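Novice: Letter by letter, the chains look like this.
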Amino acid sequence: MIAAQINQRFPPPQFTETGHQLPHLTAPPPRLGALDWLDMGVLLACLALATWLVLRRRQRRELMLLGLFSLLYFGFWRNGCVCAIGSIQNITQALFDSSYALPLTVLVFGVLPLAFALVVGRVFCAAVCPHGAFQDLMLLKPVTLPVWLEHGLRLLAYVYLGLAVVFAATGGGYIICRFDPFVQIFRLTGSLTMILTGVIFLLMSIFIGRPYCRFLCPYGVLLGLAGSVSRWRARITPDKCTLCRRCQNECPFNAINKATPRTLQIDPTPEDKRRLVIRCALLPTVIVAGLWLGGLSGDSLAKAHHTVALAERIHLEDAGAVTGATDASNGFRAEGTPPEKLFAEAHALVHRYVLAGRLCGAWVGLIVGLKLIVLAWRPRRPEFETDAVRCVACARCFEHCPQEHKRRQQKAEINGVLAS
Amino acid sequence: MKRRAFFNGLARVAALFGLGGLAGSLARRAQAGHTVWQIDPWKCTWCGKCATECVLELSAVKCVQFYDICGYCDFCTGYFEPQPNKLNTGAENQLCPTGAIIRKFIEDPYYEYSINEPLCVGCGKCVKGCTLFGNGSFHLQIRHDRCLNCNECSIAKACPVQAISRVPADKPYRFKTLEGKK
Amino acid sequence: MHSDADKKVSRRGFLNAGLVAAGGAAGWLAGCDQAQPPAPTNRQPLGKRFTYDVSEYEKVEPGQLLFAAAGQIPTGLQAASCLAVGADDALYVGGDQVIKIFEKDGRPRSALALPEPPQALALDKDRVLVAFKDHFAIFDGAGQTLLKGEALGPRAHLTAIAATGEVLFVADAGNREVVRFDAAGKVLGRFGKLGSKDGNPGFVVPSPYFHLMIGSDGLLWVANPGRHQIQAHTLEGRFELGWGQPAMCVEGFCGCCNPSFFARLPDDRFITSERGLVRIKVYDAKGKFLGLVAGHSQLAQNDQNLPVYRVACDSAGRVLALDPITGVIRIFVPKADEPQKTPAQQK
Amino acid sequence: MQEHRKVLLRQVSFAVMLAAALFSVAAGGLLAWVESQGKVAALVNAPEIAKLHEQLRKQPKDEALKQQIRALDHQLRHDTFRRLNLSHGAARALLFGGLVLFLLGAHGYLVFRPRPAPQHHPRPAHHDEEMHMRQTTALAVVAMLAIIVAFVALLTRHPAQLPAPPAPAPAAGGGQTAAALPPFPTPEEIQKNWPSFRGPDGSGVAKGASLPLSFDAKTGANVRWKTPIPLPGMSSPIIWGGSVFLTGADESSNCVYRFDADTGQLLWSALLKVPGGARPAPAKVADDTSLAAPTAVSDGRRVYALFPNGEIAAFDFAGKQVWARNIGPLENNYGFAASLALHQDRLLIQIDRGVVEDNLSKLVALDAVTGKDLWQKPRPVAGSWSSPILITVEGKPQLLTSAAPLLCAYNPLDGAELWRVNCLESDVAPSPIFAAGMIIAVAPNTSIFGVKPGDTKITWKLENNVPDATSPVSDGVNFYIVDSEGMVMCADLQTGQTKWQHEIDDRFYASPTLVGDKLLLVSRKGHAYMLKPGDKFEQIGKGELGEECNASPAPLGSRLYVRCKDHLFCVEAKESK
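Chains as they are written, first to last, in the numbering used here: chain R, 1 to 420; chain Z, 1001 to 1182; chain D, 2001 to 2347; chain U, 3001 to 3577.
Just so you know, not all the hints are guaranteed correct.
[As the list claims (entries may be wrong)] With a Cα cut of at most 20 Å, we get these calculated PhoX-like pairs of lysine-lysine:
#: 1; chain 1: Z; residue 1: Lys1086; chain 2: U; residue 2: Lys3058
#: 2; chain 1: U; residue 1: Lys3499; chain 2: U; residue 2: Lys3226
#: 3; chain 1: U; residue 1: Lys3320; chain 2: U; residue 2: Lys3377
#: 4; chain 1: R; residue 1: Lys341; chain 2: U; residue 2: Lys3372
#: 5; chain 1: Z; residue 1: Lys1086; chain 2: U; residue 2: Lys3061
#: 6; chain 1: R; residue 1: Lys341; chain 2: Z; residue 2: Lys1043
#: 7; chain 1: Z; residue 1: Lys1002; chain 2: R; residue 2: Lys240
#: 8; chain 1: U; residue 1: Lys3377; chain 2: D; residue 2: Lys2048
#: 9; chain 1: U; residue 1: Lys3377; chain 2: D; residue 2: Lys2335
[Unchecked claim] Using C-beta positions, here's what the derived DEER-type ranges look like:
#: 10; chain 1: Z; residue 1: Asn1008; chain 2: U; residue 2: Val3012; range: 52 to 62 Å
#: 11; chain 1: Z; residue 1: Asp1170; chain 2: U; residue 2: Asp3373; range: 46 to 56 Å
#: 12; chain 1: D; residue 1: Gln2245; chain 2: U; residue 2: Pro3183; range: 50 to 60 Å
#: 13; chain 1: D; residue 1: Ser2216; chain 2: Z; residue 2: Asp1145; range: 37 to 47 Å
#: 14; chain 1: Z; residue 1: Leu1056; chain 2: U; residue 2: Leu3022; range: 56 to 66 Å
[What the hints assert, rightly or not] In silico negatives: residues of chain R with every beta carbon more than 12 Å from chain Z:
#: 15; residue: Ile91
#: 16; residue: Leu107
#: 17; residue: Lys258
Rather than coming from a laboratory, the hints here were simulated on the basis of the structure. Bear in mind the structure is a predicted one, so any value in this text is a computation, not a measurement. All C-beta atoms in this analysis are idealised placements derived from N, C-alpha and C, irrespective of residue type, glycine included.
Looking at chain R on its own, in the form it has when it is part of the complex:
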C-alpha cells in the first residue's frame, strides 16, 4: 500500500524552453511562539495586580478596569484561547495519555490561578478571567436568588467538571471548549446555536450575576475548593465587623454569609446531632450509588469516542443492521486495518469509560454527600463574612461597609497631610 504511494514521487518536468523555475509553496507560519511567553507574563501580571487590588486597594472601580482589560486581551484579542477553564482538559489528557504533549502555556494557565486561589482566594475570577469579566461588566440590576436554588444549580458545575474530566481522560473530546458560550462571541464567528447561547447568557447576566461562573464553570469548582483553604482572601471589612448588615444584600452572587444572631449562637441541639449522624451515614451510600450509576452510563458515554463510534458502525454494517456506509467506515475499510483490532480497541475504551464513569459518579456522590453534611451543621458566625467557596472577590461589598468608608477617609486625610 505504501509502496504504491512512494512510487508516485518522481522528478518534476524540466522546462527546457522557458527555464521556468518551480514556485515555492507558501507556508504562512503560525503565531509566534514568543507571544506565548507574553500571554503567560500578562496572566501573571494580571493575577498579581488583581490580588493587590482586592487585598490592598479594595477598589471596585479599578478592579473593573482590570476586568475590562482582561476581557479585551484574553477574550477579544486572544480569541478566548488559551483559557484556564479549558486547560483542565489538557492537563487531564496529559495525565492519562503520556504521548500527549502538553503546551507549557496551557499548564501555566491551568496551575497559576489555582495557586493564587490557594493563597489569596479567587482573584482570577474577580478580574482576570475574560468570561467572568464579561458577565460581571454586564451586571446592572442584580436579582438575588434564593440560597437553596443557588446551591442546587451549583451542583451542575460539579457534574460538568466530572464529565469534562471523563471525556478528556478517555480521548472523547473537550466538551468545555465545545460548549463554551462566550468563545464564539470573542471570535465573532462560530455555530449559530452557540452564539445564541452566549447572547442568552449575556442577557441573563444583566440580572443574574455571572450565571456561567456560578452554575456551570468547572474551573470555578476547582478555584472554589482552593479558595476555601486560602490564607488571605477578600474580607468585607478592613476592621471589625459592626454587624451593620449593610453588605448583606449587596452581594449579587449569594456569597456573603450572614452573622449568626447572638440568640442563636448556641451549642448543637440533639436534633442537630441526630441529623449530622444520619447525613454522615448517608455519605458512603451516596458515593456507592454514584459509583454504580456512573458505571452504567459508561457504555453510552463511550460513543463520544471516535474509535468506539466507528467500531459500532462497522459492527452494525457487518451485521446488516444498517445499510450504506459513512465517510468514517469507508475510510476505515480503505485503510485495511482488520476490524477485530478496531473492536479490541473499542472494547478497551469502553472499559475505560466504565471506569471513568464510575469515578465521575463517585465524585458527584461525594460532593452531594459532603454538601448534605455541611448543611446539617449549625453555623456560628460572629460577623458577616464572604463565603470561602463562592466569593469571587468582585469588591462590591467593600463599597458598602462603613468601616471601609472610615478607612478611606483616614487614608485620604493621611495623604492630605503628607501632601501638605
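Based on the hints, put chains Z, D and U in the right spot on chain R.
Specialist: Structure of chains Z, D and U alone, referenced to chain R:
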C-alpha cells in the same frame, strides 16, 4: 476557630505541594514551543467536512499546490471537470466551484496550477480529482495565517478518519514529500 | 424580599416538584423507542457541485466485458511492483527485493533475490531483465547477474524495460525519454524527449507510469500517457504511428495520464490498464476499442486507495493483472473460452 | 439650569439609544437575511447553473451557452464572497450597536434610576431561620441530583453496540468462543441426530427408529410427554443429543426453544435480537404458512434459525445468541418457508421470490461461525417454498434445490452450479428427495419427476396424484406420497410406475416419514396413520394426537417428536422405557 485555621493551613500547604508536584511532573513533559493543528495528507479522504466544520465561516483549511510533485498536465484532473467541454479556462470547464485555481501556460505542453487562497473554501474537490488520476500534488492543509488554533479543533472532531492532529509549531505543515509516505 | 421569599419556599413543595420532574424524565425515557442506528453522515456536506463524482464513468455494460475472472494468485509481496510472463507461461512478479516465479496454475516455483527493489521486469528468452530506479540489470534463470547497466543519473526513474536480440530499451519517466542500450549495456542513444527534434512527438509523462514493450511485429510500443496514446517506434527510435484518445468514457483513456500499463495478447490485441478509473480494456492491433477485461467496480476496492494494475498476457490468452497494493495477481480468461461449468451444458 | 441640562442629557441619550437600537435591529436583520439566504454552498449549487451545465452537455458546441455560464458563474462567485463579507460586516455592526445600546442603557439606568429608599434591614426573626434554610437547601441539592440522574439516564440510553468481546483465555474460565468452537460434526454424528428439516439428509427417513403401533394423547398411552409451545409456527422439531429445538414467532418476536428430550421441559426460550436498528416489519404470510415456517438447523454446537421477516441468528446450546443479522427481505407470495441447510460451517439458504423476470431469487451461504456472507448465487427461478437438501453423489456433496422451472444442484462449498433440469412449474412447495440414485421432484398439481443427478433430462414423469404441499418419501424401492386431500400413492422409484393408491378421508400438510419399518402419515386433524411400506396398501396402526398438526414429525431412536398447534408431543412405546 484556631483549630479550624490550623486544618485550613494544613490543607492549603498540602494542596500547594500537590499542585506544585503536578505542575512539575507535567512541566517535564510539557513543551515550551506550542503546537498547532494540521492535516495528514496521507490520511485525508477529501470528505468535504473541512469546508463546513471549521469555526471560521471561510475555513482555515485551504487546498495547497505542492509544485514539486505536480505533473504540469494540460488536462489537469484537479482543474477540469471530468469531461470538460474544452481544455480552456472557461467557467464551464472548471472543477473548482469557487474558481480558486489559476491555470498558467508555461511551455508546450506544460501548464502551472496555483491556488488563489482567498477564494478557496477547502472543499477538497480538486484534491480528490488530482489524487485519483494524477500525482496528488493538490492537498488540503490548515493555513496558519487563518487558523485560530482552538483548543479542540472542531474539524478534527468531525474528521471521519482522524487525519487532523497537533504538530509542533516549528513544523506547522505536513506537505507530501518527494520521497512519499514514510 | 430576600428572607420573605425564603420563607415562602415549602420543603415539601420543592421536593414534590423535583420528584415530578425526575419522574417525568424517567417516563419520557421509558416511552422512547428502541435505539435508532446512527444515520449515515452526509457524504456531500456542501452539495453536488462541491463533490468530485466520476461514478457515471465507472459503470460498465455487461456486454462489454470480454473476459471473466478466473481466480487469483496471492504473491505475498509487501510492495509488488512489476509482472512479466515467461516463455513457458511462468509468472514473474517483482517486488520488495525479490522476483518470485510462479507456475501458470499459481504454484510457486522459485525466487530470485535482488539487490534493491525492482521497478520493472521483462523476459528475453531465459534472461530476466530488471530495471531498478536508475539502472538496469540482466540475470540468468539462476539469479546470476549477467550484466549491470550504467546508472542514468539522479533524475532517472525507470519504469519499463524490454529487449530483443542485441538491443535493450528502458523507459525513463524521470527524464521523459527512452534509452537504447546495446548488448554490452552501452548507451546507444535516447529518444522521445520533448523538443529534442528527433522526429518524435515527444513523451509527456506527468506521473511515474511510462511503459514500453516490443511487439511481435518488431516494433517498440511505448505508452505516451500525457498524450493518452500508445505509440510505435522502430527499434532505431523512429516514430511510426500512435493511437488513443483522451476521454473519460470507456473508449478513451481517462484522466491526465493514461494508459499506465499495457500488454499484448498472442493475437496482437492490446490490453491496457488505466488508473483513476481503474479499468483494464481490450483494443485490437490497430487501436480500435473492443471491450473490457474488467471495470472499476471489479478492480477497485474503495475510493481512496486505487491500485494501478500491472498487466501481462500468457500464451493461452489469459490476462494477468497484478494489484500492487494487495500483491495479488488476478487472472482473467476470455469469456468464450470459459470452461463449461455445468455438465448439463456440455451435453 | 442644572435641571435643564439633565433633561437635555436624558433626551440626547435616549435619542442615541433609539438610533443604536434601530441600527442593531437593521444589522441583525441583515445578518438574519444573509444567513437565511445561505452562503457559499447555496449560491454555488444554484439550480440555474446546474441546468445550464446540463444543457451544455447536450449542446457542447453552443458558444452562447458557454458565455451565459461564464457570466452566471462570475455573478454567483461574486455574490458568494460579497455575502460572506456582508455577514461579517453585519456581525461586527451588531456587536457595535449592541455595545452602544448597552453602555447608554447602563449609564441611563445608573444615572436616572430612582434613588433607593433608605434601606430597612429587618431584624432577624426569632425562630431558627438559618437552620430551616439549610435544610431546604439540602432538599434542593437532593432534588437537583435526582434531575441530573434522570437526565444522565436519558442521555445514556443507547450504549455502544459492539460485537461481543473475545472471551478471556480458557484458563480464565471463559465461555465458548469461536476459537474454542469444536470442529464441525462428522457425517456419522449428523446421522445419529435429526439436525434439520426431514432429517439428516432431508428425505424424511429414520432407518433405525421405532414407533409404537398405537398411541393416544388423550389417554396418554405411549405418549411420553407433551409440552405447550409458547409461540405458534409451522416449523418442525429438530433434535441433537438430548435436546429438541423448535422455532416460534408472532408479530412482535421471533423465538427459539430448547426442550429436554427426556422430560419435555422447556429449557430455555431465546428471543432473537439483531443488534441495532429497528426490528424488520413482520412478514406478510398466509395463514397456512405461519411466521415461523422455516425449520431450524443444528450442528451440535449451535442452533441456527431463520424467520420469514428476514432475521437469522445462531444460538449456542445455552440459549445465548452468538450472532444475528437481517438477510431480508424474504417476502414472497404466501410467506417465506424454505428451511435451512448446513454443510461444513456453511449455512445455506434458498431464497426464491417473485417471478423469474424479477431476478430476485438467490442461493445464499453464510459463515455459520460468524454469520458473515460467504457467497451468493443468483437463481433464474420463480418464488418457491421448498427446502434445499444436501445429497452426496459420487462422494461429492451437492445442494439440491427445486423451484419453477429448475431442479438445480450446486456445490455447497462455493455455490457453483453443477447441473440443472428444466422441468418444474407453478408454486413449488414440496422439497425434492434423493434415494437409491434417483431424485424425486414435484411440480405441484402437475407432475412428479424422476431425475438422475447430473442428467439434463428427466427419467420418468408421473401425472396423477401429484401433491401440492407435502414432499415424497422413499424406502429405496418405492416412493410414497400423500397429497393434502388424503390420496396416498406408492410408485416405483426407478420407473415411476404406480403400484397402488388409496384414499384416506383426512387432510395432510405434514410430509410422510419413514420411521424404521413404518410409513407414518400425520394428518392436519392430528391423526397418525401407520402403513406398511411395500407393494400393497396395508394400514398397521393408528395414533391420536388430538390437536391440529401441520409440521413434519421428527423421529429419533425409540421416540417420535411431533409439533402440533399448541403442544410438542413425544411419542414412545411405554415398554421401551
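Novice: Determine for every hint whether it applies to the structure shown.
Specialist: Now the hints, each set against the structure:
1. Z/Lys1086 / U/Lys3058: 14 Å, holds
2. U/Lys3499 / U/Lys3226: Not satisfied, since the Cα-Cα distance of roughly 37 Å exceeds 20 Å.
3. U/Lys3320 / U/Lys3377: It is violated: about 30 Å lies between the C-alpha atoms, which goes past 20 Å.
4. R/Lys341 / U/Lys3372: 17 Å, holds
5. Z/Lys1086 / U/Lys3061: 10 Å, holds
6. R/Lys341 / Z/Lys1043: 18 Å, holds
7. Z/Lys1002 / R/Lys240: 18 Å, holds
8. U/Lys3377 / D/Lys2048: 36 Å, violated
9. U/Lys3377 / D/Lys2335: 19 Å, holds
10. Z/Asn1008 / U/Val3012: 52 to 62 Å: This hint holds: roughly 54 Å between Cβ atoms.
11. Z/Asp1170 / U/Asp3373: 46 to 56 Å: Holds, at about 50 Å.
12. D/Gln2245 / U/Pro3183: 50 to 60 Å: Holds - the Cβ-Cβ distance for glutamine 2245 of chain D and proline 3183 of chain U, about 58 Å, lies within 50 to 60 Å.
13. D/Ser2216 / Z/Asp1145: 37 to 47 Å: For aspartate 1145 of chain Z against serine 2216 of chain D, whose Cβ atoms are near 60 Å apart, the range 37 to 47 Å is violated.
14. Z/Leu1056 / U/Leu3022: 56 to 66 Å: Check failed, 30 Å falls outside 56 to 66 Å.
15. Ile91: At roughly 7 Å from the nearest Cβ of chain Z, isoleucine 91 of chain R sits no farther out than 12 Å, so the non-interface label is violated.
16. Leu107: 5 Å, violated
17. Lys258: 18 Å, holds
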